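Undergrad: Based on these hints, arrange chain B on the given structure of chain A.
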Amino acid sequence: MSTDTLDVHTLHWRDPAYPQLLRELHGAPRQLYVSGSPERLRTLLSNGTVAIVGAKRASDYGMETARSLARDLAASGVTVLGALAEGIAAAAHMGALEGGGRTVTVMPGGLDTCCYPASRRGLYERICTQGCALAELPPGTQPRRFSDPTRRRIVAGVARLVLVVEAADRPNALFEARIAQELARPVAAVPGRVCSPLAAGPHALLAEGARLVQSAQDALDALYGVGSTHQHQVASSNALDRQLRLVLEEVGAGRDTVTKLVAAGRRARDTVVALAELELAGALVRGDGGRYLCRAQQ
Amino acid sequence: MLARARTFTIEGLQARAVAVEVDIRSGLPGFTIVGLAGTAVREARERVQAAILNSGLQFPAKRITVNLAPGDLPKAGPGLDLALACAVLAASEQIPKERLESHALLGELSLNGSVKPCRGTLAVAQAAREAGLDKLVVAPQRAREASLVEGLGVVAARSLRSAVRILSGNKGDAFAARMQHDGQHIGGEPALHGVQRSGEPDLRDVRGQTQAVRALIVAAAGAHNLLLSGPPGTGKTMLAQRLPAILPPLVSGEAIEVTRIQSIMGESPCEELISHRPFRSPHHSITAAGLVGGASRGWVGEVVLAHNGVLFLDELSEFSRTALEALRQPLEDGRVAIVRARHSAVYPSRLMLVAATNPCPCGYAGEAERCRCSEAELARHRRKLSGPLLDRIDLLAQLERPTATAMQAQPAIDSRRAREYVLQARERQAARYRDEGIAVNAQLDVSLLGRHIALDESAQAMLRRVQERGVLSARGQQRLLRVARTLADLQGVPDTSARHLAEALSWRPEMATESRRAA
Numbered sequence: 001m002s003t004d005t006l007d008v009h010t011l012h013w014r015d016p017a018y019p020q021l022l023r024e025l026h027g028a029p030r031q032l033y034v035s036g037s038p039e040r041l042r043t044l045l046s047n048g049t050v051a052i053v054g055a056k057r058a059s060d061y062g063m064e065t066a067r068s069l070a071r072d073l074a075a076s077g078v079t080v081l082g083a084l085a086e087g088i089a090a091a092a093h094m095g096a097l098e099g100g101g102r103t104v105t106v107m108p109g110g111l112d113t114c115c116y117p118a119s120r121r122g123l124y125e126r127i128c129t130q131g132c133a134l135a136e137l138p139p140g141t142q143p144r145r146f147s148d149p150t151r152r153r154i155v156a157g158v159a160r161l162v163l164v165v166e167a168a169d170r171p172n173a174l175f176e177a178r179i180a181q182e183l184a185r186p187v188a189a190v191p192g193r194v195c196s197p198l199a200a201g202p203h204a205l206l207a208e209g210a211r212l213v214q215s216a217q218d219a220l221d222a223l224y225g226v227g228s229t230h231q232h233q234v235a236s237s238n239a240l241d242r243q244l245r246l247v248l249e250e251v252g253a254g255r256d257t258v259t260k261l262v263a264a265g266r267r268a269r270d271t272v273v274a275l276a277e278l279e280l281a282g283a284l285v286r287g288d289g290g291r292y293l294c295r296a297q298q
Numbered sequence: 299m300l301a302r303a304r305t306f307t308i309e310g311l312q313a314r315a316v317a318v319e320v321d322i323r324s325g326l327p328g329f330t331i332v333g334l335a336g337t338a339v340r341e342a343r344e345r346v347q348a349a350i351l352n353s354g355l356q357f358p359a360k361r362i363t364v365n366l367a368p369g370d371l372p373k374a375g376p377g378l379d380l381a382l383a384c385a386v387l388a389a390s391e392q393i394p395k396e397r398l399e400s401h402a403l404l405g406e407l408s409l410n411g412s413v414k415p416c417r418g419t420l421a422v423a424q425a426a427r428e429a430g431l432d433k434l435v436v437a438p439q440r441a442r443e444a445s446l447v448e449g450l451g452v453v454a455a456r457s458l459r460s461a462v463r464i465l466s467g468n469k470g471d472a473f474a475a476r477m478q479h480d481g482q483h484i485g486g487e488p489a490l491h492g493v494q495r496s497g498e499p500d501l502r503d504v505r506g507q508t509q510a511v512r513a514l515i516v517a518a519a520g521a522h523n524l525l526l527s528g529p530p531g532t533g534k535t536m537l538a539q540r541l542p543a544i545l546p547p548l549v550s551g552e553a554i555e556v557t558r559i560q561s562i563m564g565e566s567p568c569e570e571l572i573s574h575r576p577f578r579s580p581h582h583s584i585t586a587a588g589l590v591g592g593a594s595r596g597w598v599g600e601v602v603l604a605h606n607g608v609l610f611l612d613e614l615s616e617f618s619r620t621a622l623e624a625l626r627q628p629l630e631d632g633r634v635a636i637v638r639a640r641h642s643a644v645y646p647s648r649l650m651l652v653a654a655t656n657p658c659p660c661g662y663a664g665e666a667e668r669c670r671c672s673e674a675e676l677a678r679h680r681r682k683l684s685g686p687l688l689d690r691i692d693l694l695a696q697l698e699r700p701t702a703t704a705m706q707a708q709p710a711i712d713s714r715r716a717r718e719y720v721l722q723a724r725e726r727q728a729a730r731y732r733d734e735g736i737a738v739n740a741q742l743d744v745s746l747l748g749r750h751i752a753l754d755e756s757a758q759a760m761l762r763r764v765q766e767r768g769v770l771s772a773r774g775q776q777r778l779l780r781v782a783r784t785l786a787d788l789q790g791v792p793d794t795s796a797r798h799l800a801e802a803l804s805w806r807p808e809m810a811t812e813s814r815r816a817a
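Residue numbers (the numbering used here), protein chains in the order written: chain A, 1 to 298; chain B, 299 to 817.
In case anyone wonders, no lab produced these hints; they're calculated from the structure. Since the model is a prediction, treat every value here as computed from it, not as a measurement. Just so you know, not all the hints are guaranteed correct.
Here are the simulated EDC-like cross-link-like pairs (lysine to aspartate or glutamate), alpha carbons at most 20 Å apart as the crow flies [unchecked claim]: (1) A:260 - A:250; (2) A:56 - A:148; (3) A:260 - B:801; (4) B:469 - B:396; (5) B:469 - B:428; (6) B:360 - B:344; (7) A:56 - B:675; (8) B:395 - B:319; (9) A:56 - B:673.
One chain only, chain A, in its complex shape:
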């Protein structure tokens, strides 16, 4: 993206549009660069803000969960923050764009330098038009090795809640969560399968007392207190009939291939047809190796 198509504003520490929550961070940047108008940033950050963070190499389950959580949160008026990397963060941005576009990303270099990874350029441009992008470094600066942790501290600093979807149990992987803990802000985590190494991070946080998040409503409760805000219902366009719902439940229970469903006593041809129907209705998607994944709708 070149500078002339990008509307870059500078936000000084004293500027009223400078994110309020970021001021609490020790060593917060003196000034920030923002694409688009500072008013839009202020609007986006005025309500609740959730940073959805996690592994770059996430599983299909993690990607799909991050995406649907972000979509429902954005639709409920919460702004989703992320670091526009591979994996969970990218999925969160995409989900937020689907849910209305309330999303803010933080770039590692200047706002006009080619975004990394380059394959995310399209996503970056969509975020800039619908949401906002922030950077600590002035336009024209290339991202450096140290840029990644510095931008992640901004992501954590702007967020009222840090939500970890999939991460290894390593200090680096849980960086945002640790910053939130230092700032005495709530941390939430999505559980995974016990045997998956990517579930170790969230599980460690849960053991320390992080909020358990299964749906966007749990995250809203963590932000505003239980029962104070209700999740905006994304209207399900077509109600599924009972037979399809049963298949969907079985897939959700882990029988995620035709073979497994057939082994559980279903007829092969009917199962294939039902799965295709569900896919067409958007209730299922296929991940690596042909496994079916539920796309959370309700």
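TA: Just chain B, lined up with the frame of chain A:
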């Protein structure tokens, strides 16, 4: 003295007429060949001289000039030897000239004067009949092959002496009787049955993988392109190797085409008309030229050798990108047009593509704990298989690691029964497309699709939803309909219903990669 003999040279898949003119006159003894003769043809000088002398005939000690007409056509191969020797003998008045005008001669000479078989005899026989020649003189080993062509007398010559006898008006050497195809002569109605060849691998050996076996049968029934994807050791190659056994035999026109190609490429002795479909599985180090042809004049690639049969690409992602891209035209048009600086040709390549691939470079994508591929490796792998090539795949079968119970279960189907299903479905297609000039659903083009695919109401509604979803390209939708039609043919019903469409949809590669593309 002047003499002229008729023969043919092979260029690509065509036999081209060549006139061998020999002029003998007084002068310093010599033997010159002109007329774009290839190395093998220039070396014929030595063979012809030795063969004539060793047959007890005279080699004239005069100035001999040979012209191969037309002068702008390159001649290659040793098949011109016999015609050259006979023209020399006629010019030196050792044999009468008149029969040389009506007899085409094809054969390589040995130094002792015996005639050896040549590749492409069938193509030469067809060209000889079209050129209006009465007789074709060939080696006895290839006489059966040449006699496949109606309306052409085939005479076998074991040696140069036999050829001299034939051209002097005597009979040729004996050879086995006319070849037959499925109990019938060429040109008769094809018999759409045939038996499994012994020793072919059987679907009985496959445990589990019922979905993939189903995909294999559907692909065979409609001649659809199939991609098998799955972790290592789940039986992708095993399944593909069992495909020839469930394919229907070639019908007569196809059999002639296949035999002709095989004969030219010298892949098989062509003792009989080939009735089984070719199955080509080139190694993944193949170049684009090796795959589609065009390396040198007349060189044909694997897609042509797989004409009317199967091209199997194992480890699809290991093939070079240029080679895979080169497959696009042959897959779409059923022919490949080769254009190079000094030659161009169009070859048939109506084939069924079957490919096998791992889901990622390490093979374990989807099993998060086992897959060790980096994001960049995964992206590269997907890119290689994405887009235009995937668009031309009709069925994507995703194999999974079989469970212990599946390994112990009875096989779902054996090859004999699978073949019966396939044959029944093919018969229904053949009956439906009798007047359209096509044989299988895979060949349906846009206009024929509308005429022959009757969607019932529920199926139309589903197709509309597919279109609204916007995942499938126009080509993808056409392929979806063709597969749905095959599913209806396998079931034996006239109308394509929503169930057929839904099952066809579950095989579409776009559906399996949709979440990836969005992410």
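Undergrad: Please go over all the hints and tell whether each is borne out by the structure.
TA: Hint check results:
As the CA atoms of residue 260 of chain A and residue 250 of chain A are separated by approximately 10 Å, the hinted pair is consistent with the 20 Å bound. With a C-alpha separation of about 13 Å, the suggested pair residue 56 of chain A and residue 148 of chain A falls inside the 20 Å cut-off, and the hint holds. Simply put, residue 260 of chain A and residue 801 of chain B have alpha-carbon atoms about 17 Å apart, close enough for the 20 Å limit, and the pair holds. For the given pair, residue 469 of chain B sits about 16 Å from residue 396 of chain B by alpha-carbon distance, which is consistent with the 20 Å threshold.
For the given pair, residue 469 of chain B sits about 24 Å from residue 428 of chain B by alpha-carbon distance, which is inconsistent with the 20 Å threshold. A C-alpha spacing of about 15 Å is found between residue 360 of chain B and residue 344 of chain B, which places the hinted pair at or below 20 Å, so the restraint holds. For the hint linking residue 56 of chain A to residue 675 of chain B, the alpha-carbon distance of about 14 Å falls within 20 Å, and the restraint holds. Among the hinted pairs, residue 395 of chain B with residue 319 of chain B is consistent with the structure: their alpha-carbon atoms are about 12 Å apart, no more than 20 Å.
Proximity of residue 56 of chain A to residue 673 of chain B is assessed by CA-CA distance (about 8 Å); at most 20 Å being required, the pair is judged to hold.
In summary, the structure is inconsistent with hint 5 from the numbered list given earlier, while agreeing with all the others.
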